[in-house]
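S.K.: Position chain B relative to chain A; hints supplied.
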Amino acid sequence: MEIEVSQEKLSKALNNVSRIAVGKVTLPVLNNVLIRVDDGKVSLITTNLDMAIIDFLPVSESKNGVTTVPAKLLAEFVSNLPKGEKIKIKSEDTKITISAGKYTSVINGSPADDFPELPEINEKEAVVFKMGVDEFKTGVSEVAIASSNDLSRPALTGIYFNTYDKTLAIAATDGYRLAEKRLIKNVQSEISVIVPTSSMQEVLRSINDGMEEIEISFNNDLVRFRLGEIEIISKLIDASFPDYQRLIPKDNNIKLELGRDELIRITKLAALFARSVNGSIVCEAKKPNIFSIKSFANELGENDSVIETEVSEEGKVNLSSRFLIDALNSLDSKNIIFEFSNRISPVVLRNQKNTDYTHIIMPLQS
Amino acid sequence: MYNVWENVLAEIEQQISPANFSTWFKDTNLISTDGGHIIIGVKNSFYIKQLRTRFIDLITNSLTKNGVTINDIDFEVQQTTKSKVRPREVTAASDLIKTKVSFKKSQTDNNGLNSKYTLDTFVVGSNNDLAVSAAKSIIDAPGTRYNPFFLYGGPGLGKTHLVQAIGNELLKRNPEYKILYTPISHFYSDFIDAIQNGKGKEFNRKFEKLDCLIIDDFQFIVGKEKSQEEFFNIFNDLYQLNKQIIVTSDRLPSQIKSVDERLASRLTWAGAFDLQLPKFEDKCAILRAKAELMGAEIEPEAIEYIAENVNTNIRDLEGEFSTILLMSEVRGLTPLELINNGSANINKTTKLHPISSKQVVEKVAKYYQLSVAELKSKSRVSNIKTARQVAMFILSKELSMSTTKIATEVGVKDHSTVMHGISKIEKDLKLNFTLRDQVEAIKEKIYG
Chain A
0 MEIEVSQEKL SKALNNVSRI AVGKVTLPVL NNVLIRVDDG KVSLITTNLD MAIIDFLPVS
60 ESKNGVTTVP AKLLAEFVSN LPKGEKIKIK SEDTKITISA GKYTSVINGS PADDFPELPE
120 INEKEAVVFK MGVDEFKTGV SEVAIASSND LSRPALTGIY FNTYDKTLAI AATDGYRLAE
180 KRLIKNVQSE ISVIVPTSSM QEVLRSINDG MEEIEISFNN DLVRFRLGEI EIISKLIDAS
240 FPDYQRLIPK DNNIKLELGR DELIRITKLA ALFARSVNGS IVCEAKKPNI FSIKSFANEL
300 GENDSVIETE VSEEGKVNLS SRFLIDALNS LDSKNIIFEF SNRISPVVLR NQKNTDYTHI
360 IMPLQS
Chain B
0 MYNVWENVLA EIEQQISPAN FSTWFKDTNL ISTDGGHIII GVKNSFYIKQ LRTRFIDLIT
60 NSLTKNGVTI NDIDFEVQQT TKSKVRPREV TAASDLIKTK VSFKKSQTDN NGLNSKYTLD
120 TFVVGSNNDL AVSAAKSIID APGTRYNPFF LYGGPGLGKT HLVQAIGNEL LKRNPEYKIL
180 YTPISHFYSD FIDAIQNGKG KEFNRKFEKL DCLIIDDFQF IVGKEKSQEE FFNIFNDLYQ
240 LNKQIIVTSD RLPSQIKSVD ERLASRLTWA GAFDLQLPKF EDKCAILRAK AELMGAEIEP
300 EAIEYIAENV NTNIRDLEGE FSTILLMSEV RGLTPLELIN NGSANINKTT KLHPISSKQV
360 VEKVAKYYQL SVAELKSKSR VSNIKTARQV AMFILSKELS MSTTKIATEV GVKDHSTVMH
420 GISKIEKDLK LNFTLRDQVE AIKEKIYG
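Chains as they are written, first to last, in numbering that gives the first Met the number 0: chain A, 0 to 365; chain B, 0 to 447.
The shape of chain A in the complex, shown without the other chains (with noise of 0.2 angstroms):
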């Protein structure tokens, strides 16, 4: 095997490929990038048996052939190499060198046999979505923070892509929020599956400037997410995930328009005095046009900031700072819809115009 390819090119497909080469597994050929050339095509793969990243390498010159080198050894050795250099790899049996103008390295690879194949999309069978990368990247990041790290309840540590109403929306809850981002409108096919968080933050990690579209194909239990050059495979989470939308309030009475900013000031400004009771701070809507936020701590003192706003409604909850502010990070407009009632049902968070995206958050007992 041998290819010669430019230093920046070679640099960033490993570097990107290389983060999932982690050291966790048993086996050791997965802390590897297998490089493979067939004729004229270039692939960079990993892969942790989750999931697989491939980066597609435009080259100059190559030779067929195959061979896997220590992923994190040889991203570093590249990107220190100075740029503008031509890198030219050469395999023979398990040892790999690389030479670029007065630099020569040679590593120990392993045989390419080790490498676990990649499972496949079937074309024809996969359902498959199309959308800009922007959008994709917003939605699933604005999502993605709702979701879980509990291994217990694998279905919440994924991000639920569903269909209804001809819409495709992603959700993803921890059980004391849920996000919900509809995503594309006018969708011809059904699907309900759960696609890992971690395998998600992966491709939002691989996109980079100048991609444009994105391309998602499901199939049986895989997906494929498709961005320029790069293609990131990952399994399903075989669980069901809740029924969410049941969880989502359709009838709060108190709704409230809010100056994002602003809440954004008073609610890091609440807790800071609310560290020693687990960032429990007060919201609550008075008559005419308050919307207050209050928390105290018995060493440090209190704090009570107000907002104007109409106020139809009173009524107040008791919420987690952190949830909050994550909520509101994740809402773009300058005035958002901030949505209450009692102390069970959930706090309701949009955005004032756009209602594509619903965020969620379970009050705490006062």
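Calculated from the structure, these hints are not laboratory results.
Here the structure is a predicted model, which is why all the values come from computation and not from measurement.
We put the beta carbon where it would ideally sit given N, CA and C, even for glycine.
Careful: at least some of the hints might be erroneous.
Claimed, not checked - Lysine-lysine pairs mimicking DSBU-like chemistry, simulated, CA-CA at most 30 angstroms apart:
1. 115(B) x 249(A)
2. 426(B) x 377(B)
3. 89(A) x 48(B)
4. 48(B) x 62(A)
Stated by the list, open to error - Covered by chain B, according to a simulated footprint, are these stretches of chain A (three or more residues, beta-carbon under 8 angstroms):
5. 4-14
6. 40-49
7. 300-309
M.R.: Quick look at chain B alone, frame taken from chain A:
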């Protein structure tokens, strides 16, 4: 069948590297061998691909060696190949929570009755049995013995529930029966409207034809002299026709300011029935009934915890209960787990207003008919000793005082005596019902 797979694995382990074995085979299992159709369960599709391309011959050979007929081999993704034990799955199937908390719109006809209130769902306990038996005899024979039926008690103890249930039950037995349920506030606002629109007569007529009038929250009549007079007239008319009149209030009529004495005495002609705070057992019974009604199953320990910690009224009790069920559904933990991990702290405000340690000691002493000095003495007489330990227990549980402080408060040597006392009471409470009643009664006295 599953043993076969153990054998197959043992054999494969001999033939490939440990790394390969533990990576690819550790979490597999054999799902089915029916009719030579082999199905092997694996973690995800990455494993399927690998086993199919690289290890299929090995698997086929080992299976054949172990006497399994093979027509074809299939793989299936199984998240649960090595199921992490989830908290919910530890409990036996019957203990599983089925929390379906649905909030149905209640139906109200123009008689003001809400059909969700029935006697079946009213939990009878020592705190309300008299009132309930009176209610039952009203249903059997309205307008006779318990007329007027005057029911009083604090907020959230079930007054509305009980009187609405009477109304619903009467209606069930005789659909032609004309019943009107109205909170007194509606009564007087309707009355004022009627007067303003010159329809005073019509207002009167509305009541004349009734077979049963139910007035809720009568205490709000305060300061509404005209309405009171009107009510008095209606009351007299209905009473003379032997129509059933039911009135609820949060206190006795004689204690409501500015209620005409004649009316006050008439309201309690047939006696006044009170609803009291439920005792611990009653609270548990209420929660169990509520759980059944909602189709939710909840551990007995969780019920006890809620019953023990909500001391205000039944409405709060049910409120906390619903909150915990909802949280348990959302978080996927059983109610008891929620309580144990501290995320379902019972609302602190449901504990009543704070009291001083001195008051506690005084009340306990008084309850056991001792002087404070006696309680604090070194006496080992059994009832004094129990009183002292109960005082320690309440100081620790209700005021969260440190054991050292409690020691000085009840006059014992040091904190270890206190700790012993508290744990003794804790232990006895589980078995000794008299003691439990005593502690409840003292708590009621302290907070009441």
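S.K.: Just to be careful, I want the Cα atoms of residue 115(B) and residue 249(A) compared with a cutoff of 30 angstroms; is the pair within it?
M.R.: holds (22 angstroms)
S.K.: Quick check: do three or more residues in the segment 40-49 of chain A have a beta carbon closer than 8 angstroms to a beta carbon of chain B?
M.R.: holds (count 3)
S.K.: Given the hinted pair residue 89(A) and residue 48(B), is their Cα-Cα distance within 30 angstroms?
M.R.: Holds - the C-alpha atoms of residue 48(B) and residue 89(A) are around 29 angstroms apart, at most 30 angstroms.
S.K.: Compare the distance between the alpha carbons of residue 426(B) and residue 377(B) with 30 angstroms, and conclude whether the hinted pair is satisfied.
M.R.: Distance ~23 angstroms between residue 426(B) and residue 377(B) Cα, so the pair holds.
S.K.: Between the segment 4-14 of chain A and chain B, are there enough contacts, at least three residues with CB-CB distance under 8 angstroms, for the coverage claim to hold?
M.R.: Not satisfied, violated; 0 residues make the cut.
S.K.: If you count the residues of the segment 300-309 of chain A with a beta-carbon closer than 8 angstroms to a beta-carbon of chain B, do you get 3 or more?
M.R.: violated (count 0)
S.K.: Given the hinted pair residue 48(B) and residue 62(A), is their alpha-carbon gap at most 30 angstroms?
M.R.: holds (27 angstroms)
The structure fails to meet hints 5 and 7 from the earlier list, while all remaining hints are met.
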